[in-house]
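Enquirer: For reference, the chains in residue letters:
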Amino acid sequence: MSKPDEDYTQLAELDRWIHEPARLAIVATLAGCESADFLFLLNATGLNKGNLSAQAIKLGAAGYVEIRKEFLGRSPHTVYRLTEKGRKALKQYRSQLKRLMAQLGNP
Amino acid sequence: MATTSSPISAASVDNYFHRALRAWWADGLWELAMAGFWAITALWLYPLVQTLAFPSWTWPWPFITKQHINPLSTQITLWAIGLFFIWMAYIFLAWLLIDRVKRRFVAPRLGDVRHTFFLPLGRGFGLIFFAVYVLGCVVLSILFWKVKGGPHLFSVFGIASFAGVMYLVGRKFDIRRFRWIAIIGTVLCVLAELATTNAVFLNGPKHFMDVSPLYGNPSLPCLIWVGILVVSGFITLREILRLPYVEA
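So the sequences go chain by chain: S and H. Going left to right, the first sequence walks through residues 1 to 107 as the numbering used here numbers them. Going left to right, the second sequence walks through residues 1001 to 1248 as the numbering used here numbers them.
No lab work stands behind these hints: they were computed from the structure. Nothing false has been slipped in among the hints.
Straight-line distance between alpha carbons at most 16 Å, and here's what the computed EDC-like set of lysine to aspartate or glutamate pairs gives:
#1 S:Lys98 <-> S:Glu13
#2 S:Lys69 <-> S:Asp37
#3 S:Lys98 <-> S:Asp15
#4 S:Lys98 <-> H:Asp1014
#5 S:Lys49 <-> H:Glu1247
#6 H:Lys1148 <-> H:Asp1210
#7 S:Lys91 <-> S:Asp15
#8 S:Lys85 <-> S:Glu66
#9 S:Lys91 <-> H:Asp1014
As the structure is a prediction and not an experimental result, all values here were calculated from the model.
Build out the structure end to end from the sequences listed, making use of the hints.
Expert: Okay, here's the thing in structure tokens:
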């Protein structure tokens, strides 16, 4: 059996940028494609506009998501792309979560 | 738009990943592109299989020559290899075209999502597909052998390969119509093969349904796939085009 402080360290090591549910939904959706616009993410994640926009900006600030703003005619169009850093972070997060869940399965 | 405070509780991380991938097939454009793929394959395979199966068969216009002998094996090989290059060119062009059409017509309604040329389907997908394909080939070959006196090899490859793809993609990405396409397509293709007659080796085929018991007529299942995909693709696309433009 591992020590309590080791267990806590494992939990604390989870990437907080991704661990938040709304941000995880955005990152996981973007991992399945090359890029997606605001409307697609809105439909795919089920978040509301304000939350999606705010969380995407946070992911952008962390360097996990690249945000490109452009105009299609006169309408603003925002395109999101998962960066290499974001892809690696998601991969690491998944393996950490898997490990933690496996431990939970064998108490 | 519904507000979800914790979307992770509603669906797993994999579901979000799959949702983005699923968008590639969701609008029916891929089915229309695949219909083109099978139409080309049907046209190309017909002379190839007839040449392989029947010594008396002559190539249609404009390939008719004054020779009274069969085409050389090198000519047959080149014809077969040619199909590979045509497939590659078609797949690449179709991918570009789908991307353009999606951006123009689908994106304003459902959102714009771009995919890589090679979709990340997962490690086990190829392996499971191979197993399904081999199993399908074995079962259908035995069936045709028992009922029609020959395994109908090329037809069997065409039926099993595509039915396997449609069923597995439909199952993995929860696209119900794909599973139906796989089932309906398999049933129709098998019934069509069972309705064929066995051509006399020396005389050659009398008509389209008169086939070689060994090779079958692969154009038959190919054209059945074309029909099903065109219908399914147009119905799906029409539903998408009826949706209003959305301002995000």
